[in-house]
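Q: Sequence:
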Amino acid sequence: MAELKGWKEIPIGGMVLEPGSSIEYITGTWRSMRPVRDEEKCTHCMICWVYCPDSAIIVEDGRVKGIDYDHCKGCGICALECPVKVEKHAITGKPGKVIQMVEEV
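Using this note's numbering, you'd call the opening residue of the sequence shown number 1 and step up by one each time.
If you're looking for bench data, these hints aren't it; they were derived computationally from the structure.
Bear in mind the structure is a predicted one, so any value in this text is a computation, not a measurement.
Keep in mind that a hint or two might mislead.
[To be verified] With a straight-line Cα cutoff of 25 Å, these simulated DSS-like cross-link-like pairs (lysine-lysine) come out:
{"id": "1", "residue 1": "Lys-94", "residue 2": "Lys-65"}
{"id": "2", "residue 1": "Lys-73", "residue 2": "Lys-8"}
{"id": "3", "residue 1": "Lys-41", "residue 2": "Lys-94"}
{"id": "4", "residue 1": "Lys-73", "residue 2": "Lys-85"}
{"id": "5", "residue 1": "Lys-5", "residue 2": "Lys-41"}
{"id": "6", "residue 1": "Lys-88", "residue 2": "Lys-65"}
{"id": "7", "residue 1": "Lys-41", "residue 2": "Lys-65"}
{"id": "8", "residue 1": "Lys-73", "residue 2": "Lys-41"}
{"id": "9", "residue 1": "Lys-41", "residue 2": "Lys-8"}
{"id": "10", "residue 1": "Lys-41", "residue 2": "Lys-85"}
{"id": "11", "residue 1": "Lys-65", "residue 2": "Lys-85"}
{"id": "12", "residue 1": "Lys-5", "residue 2": "Lys-73"}
Can you make the complete structure from the sequences, with help from the hints?
A: Written out as structure tokens, the structure reads:
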């Protein structure tokens, strides 16, 4: 496979020679917040998967398996749209939803 071009090598206006190649580029490194999911309380309703604009929700056999942090931009749509409420999140310890946003460290 040919070397991938960085943003400085792409001409102004861009060129899409091979559409659908965004999975080849790691794009989740600039986020300031990241989603964390309480795995035990997740109902696998797939709402997060439907709304994620980056296809960063990992699904196997019809169940949410995790979050692809290499491509997640930290927009928080998954946390906003998650319908499942929890009294205490397993990771954050806060009440709210199964998916919550935390600061990137």
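Q: Please go over all the hints and tell whether each is borne out by the structure.
A: Against the structure, the hints:
With a CA separation close to 22 Å, the supplied pair Lys-94 and Lys-65 stays within the 25 Å bound. A distance of roughly 21 Å separates the Cα atoms of Lys-73 and Lys-8; the hinted pair therefore holds under the 25 Å criterion. At roughly 14 Å between alpha-carbon atoms, Lys-41 and Lys-94 fall within 25 Å of each other, so this suggested pair holds. Only pairs whose Cα atoms come within 25 Å are accepted, and Lys-73 paired with Lys-85 is accepted, the gap being roughly 23 Å.
For the suggested pair Lys-5 and Lys-41, the alpha carbons sit about 41 Å apart, so the restraint of at most 25 Å is broken. Taking the CA atoms of Lys-88 and Lys-65, the gap is near 20 Å; set against the 25 Å cutoff, the hint holds. Only pairs whose Cα atoms come within 25 Å are accepted, and Lys-41 paired with Lys-65 is accepted, the gap being roughly 13 Å. Taken as a hint, the Lys-73 and Lys-41 pair is honoured in the structure, with Cα atoms around 24 Å apart against an allowance of 25 Å.
With a CA separation close to 44 Å, the supplied pair Lys-41 and Lys-8 exceeds the 25 Å bound. Only pairs whose Cα atoms come within 25 Å are accepted, and Lys-41 paired with Lys-85 is accepted, the gap being roughly 9 Å. About 19 Å separates the Cα atoms of Lys-65 and Lys-85, which keeps this hinted pair within 25 Å; it holds. About 20 Å separates the Cα atoms of Lys-5 and Lys-73, which keeps this hinted pair within 25 Å; it holds.
The earlier numbered hints that this structure contradicts are 5 and 9.
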